[in-house]
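One-letter residues, chain by chain:
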Amino acid sequence: MGGLQKKKYERGSATNYITRNKARKKLQLSLADFRRLCILKGIYPHEPKHKKKVNKGSTAPRTFYLFKDIRFLLHEPIVRKFREYKVFVRKLRKAYGKAEWTGVERLRDNKPGYKLDHIIKERYPTFIDALRDIDDALSMCFLFSTFARTGKCHVQTITLCRRLTVEWMNYVVTSRSLRKVFLSIKGIYYQAEVLGQLITWLVPYQFAHDHPTDVDYRVMATFTEMYTTLFGFINFRLYQTLNLVYPPKLDSKAESELKAEHEEDYAMDSESYLEKLSALSASLARVVATAEEEENQLDLFPTEGEDQENMQAREKEQKEQEAQKRLFEGLKFFLNREVPRESLAFILRCFGAEVSWDKSLCIGGTYEVTDETITHQIVDRPDMDKQYINRYYIQPQWVFDSVNAQMRLPVEDYFLGTTLPPHLSPFVEEKDGDYVPPEKLKLMALQRGEKPVQEDEEEEDEEEEEEDDDEEEDDDVDDEELTEEKNLKKLEGTRAQGKTLAVKVTPGKVKPWETGSVGNKVRLEQEEKAEEKRLAIMMMKKKEKYLYDKIMFGKKRTTREVSLTIGVKNGESPKGDKYSLTARLMDR
Amino acid sequence: MAAVKRLKRVAAAQPGFISFKSSAGSDDLNSGQRKRVNKNKKKNWNKHSDIQDVEEFLDDVRLQERATGGLISEKPDDSLFFVDIGEQRKYVQPEVQEGKKGKKSKSRPLRIDLILQHDSLVPPPKDILAHQQPNAKKLRRIAENAAKLAAMGVLPRRQKRLLNRRPAITASKSKTAANNFPDRPYYDLWGGDAKETADPYYLEQTGKKRVKRPEKLNSKPSVLPAVEVIAPGGSYNPDFFSHQALLLEAHEVEVKRERAELRIERQLAVNRDDTATEETVFQELVEGLVEEEEDEDEEEEDVSIRGGLQQEKKTEKERRRERADKIKSQQKQAARVFTDKKQQLFQLRSIQATLKRGEQQTRERVAQRKANQEAEKSMPRRLGRLRFQAQDLEVQLSDEIPGSLRTLKPEGSVLKDRFKSMQKRNMIEPRERAKFKRRHKVKYVEKRAFREIT
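Chains as they are written, first to last, in the numbering used here: chain A, 1 to 588; chain B, 1 to 454.
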């Protein structure tokens, strides 16, 4: 038996991984820079299969990276830029300290910067790769563009995000590629089909922010930096595919129409163009001026048998899609002040409608309320004083539901002041045996071309004898469901009332007998309890004591935070809410 | 010496030459004894011939030319002399003195400029080449040839090489704008690739070639979608049953949390049995006073061990018997195995059944493991000190559901949702905010102004 003894942790998984700190030292970067670099390059931490082996016998939880990834990072030119930046900051601080203002200025002028183009190209070798990964970028940019300019992140970033999202929305409008919309309590989910890729993104409601404290803004800003670069290049390419001018320009015709008299009241000169673009009410200029988009027809090949069937199916599908794209064509909408303008304008324009709004609401309105040709006015208030007889006054949900149903729904359910039918999620696909909401059943019937249920009932009266047994059953089920629902709602209502009664707390009073001997007993008992607890704490093992201390500290902190948030949030503590939730749910 | 003198004479004999300097003392200098030197050598000629007067003369000529623009002797008399007719009264305009010294000094040229001014009156030599061109004929022929080639569309080699040269990279020199500059330009990143013309080996050696990104890095760390759509119960105007389903989910999360809290409380509770009673207190006091004897057993054990160690030697007879026994048992064993094998022929069915069962079991386990691995792909991994903790479910209670979009109160934060989504997809490790540690204690001092009031 010759040879040297094998040493532990010199081969195998121990050498395939590297801890974060070691990687950081290898790259000579600070932790913040290292994290930034990893995000930009798309290198993520990795959980090894055998932690103990990788960690050289220790079981302490650590962050590991693959060694090869870090070696790949060593070749990145941006690393040098980061180091340069570090030196720049040091020099700048020194200049500041010495009050050398010319030096500060000179340094500022020569501030080192870096580009991410090559990284984007490297991470997404083809355009389609990039398009597949755009969901994140979209959500992030929409999120950042709604931020207030309060110094949580750079104002420039916010402006850039706004620009990019406006460009994106204009693209979706022009290409008419929106498919689904869902109004949730979190935000609005959109889904579009761009070049055959389904793209989903989430847009927060306007003014819905309280900045959470447990989010690392630096990390988010880094992600945004990467995503804005990616997003811009994608936008450019998308505009190219539609023969649109990039950066987007308004149609010359539209531009002259939009020339408002008091433009400077809305926005500064530098911003007014972006504002006009973001109004979405006008179409964009094209590189080659074409009258209208020619309809691209599917190439016809003589085929037989199954292929022919497939072809027919495909043709039908395409026809449906075309029809969906023209859902609102020919309609003229007017948005009242209280409805979310941007999302509605975006959706309506995506399906070919004309849209306008009050002059005081936003720049870019093309006609007044008094316009006689308006067909629909979108209103979200219980009542209107002055109503025109030749237009529908509908609630905004009609638009969203119609888009999801791929057809113009009957407007009766959405009239001013009526209770709305539930807004169903278009993202759910029910399997056999799943619960399907009755509204959805109704909608599916409508899509199939059948008449609404109420009319069905009338028909039933007429031809009662002819009804089949199973139809009756169906009806029964429906009825049952309806009654059940009603009962449940009623029950819920009563419970809610009951609960409010049960939970109510009246201010306590000091009873006279408490101060007497009975009170003494109570106090003694309490004291005993406290003593017991103290003794228990004393008797605890060291390990348990440590745990206990930690728990108690955590509790104290949460209470402190809650009391802080009460000040911010008008006395509504999140924790209390959750507890009340459980309490209520337990009742059920 | 004679030659020198002769030269001098020649110089002086120039017709009408007037010297600037007086050359009176020159004869006195040479009045010493003559030195005889052989003049048959060039070296001696150079060394001993006196050319000073010639040089002086030539210097004088230069000086005259410089100062007056020509030899004085050749000048007409009018330029040299004038008739003195007394003082001519000329009205001299007094220079308008502005009184300001600064202005006056500004109008006068600086002394340093005056010194540096060209003051010679000798005109600079004319450049002959300005009027003549050497090799004019040849050049003309070349130009004609080039024009002819240009007409034919053939570029000269120099120009061709210039055109072939790669454009100098000027963009890198210019300042790179920040990545978040709002009006930053974009271009077609995925447009036609510019083919690398340079030698790949050169690029590799000079570190200009980008390292290829490993394929493995392009796979995503999790299979979860980037944007997870909220359950249908999270609609702003939800269907009743889907809303109830979401509530139930939230409720279960809450119950789990509560249970964990209760467990900790239970663990912390005081055990009744551990508290001291009178009996235990007495026992404690008496501890050690009452003795008990339990040594007997140990002694017995010791004896037995000792007995075991001392074994008697086996006799020959015993050994023989043992051997026979061993052989017998071996034979018995072999026979047993043989019969068992025979019997197994009849057990074939049951054996097959067990085999099948075993295989089935392994197959099930493989499937289970596969399923677990699949499920793990969508689970957040443990990437650091902390585990991933899902955020609270966004839920609105039945009485919080708004009637219309206008009265909707958004729940949760999209920013947090994005952040948690990234953690869930293993893109970033879960972290907690760095705690602020105060190194020194804060010293509170009442301000004097404030103290005066109170």
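It cannot be assumed that every hint is accurate.
Said to hold, decoys possible - Quick list of in silico lysine-lysine cross-link-like pairs, DSBU-like style, CA-CA up to 35 Å:
id	chain 1	residue 1	chain 2	residue 2
1	A	Lys-555	A	Lys-533
2	A	Lys-121	B	Lys-441
3	A	Lys-545	B	Lys-416
4	B	Lys-208	A	Lys-533
5	B	Lys-220	A	Lys-49
6	A	Lys-111	B	Lys-208
7	B	Lys-420	A	Lys-545
Derived by calculation from the structure, the hints in this document are not laboratory data.
No experiment lies behind these values; they were computed from the predicted model shown.
Quick rundown of the hints versus the structure:
Between Lys-555 (chain A) and Lys-533 (chain A), the direct Cα distance comes to roughly 17 Å. Compliance with the 35 Å bound is thereby established for this hinted pair. About 52 Å separates the Cα atoms of Lys-121 (chain A) and Lys-441 (chain B), which puts this hinted pair outside 35 Å; it is violated. Restraint check for Lys-545 (chain A) and Lys-416 (chain B): satisfied, since their Cα atoms lie roughly 34 Å apart, inside the 35 Å limit. Restraint check: the Cα-Cα separation between Lys-208 (chain B) and Lys-533 (chain A) comes to about 70 Å, which exceeds 35 Å; the hinted pair is violated.
Our distance criterion of 35 Å between C-alpha atoms is met by Lys-220 (chain B) and Lys-49 (chain A), whose separation comes to about 18 Å. Our distance criterion of 35 Å between C-alpha atoms is met by Lys-111 (chain A) and Lys-208 (chain B), whose separation comes to about 24 Å. About 32 Å separates the Cα atoms of Lys-420 (chain B) and Lys-545 (chain A), which keeps this hinted pair within 35 Å; it holds.
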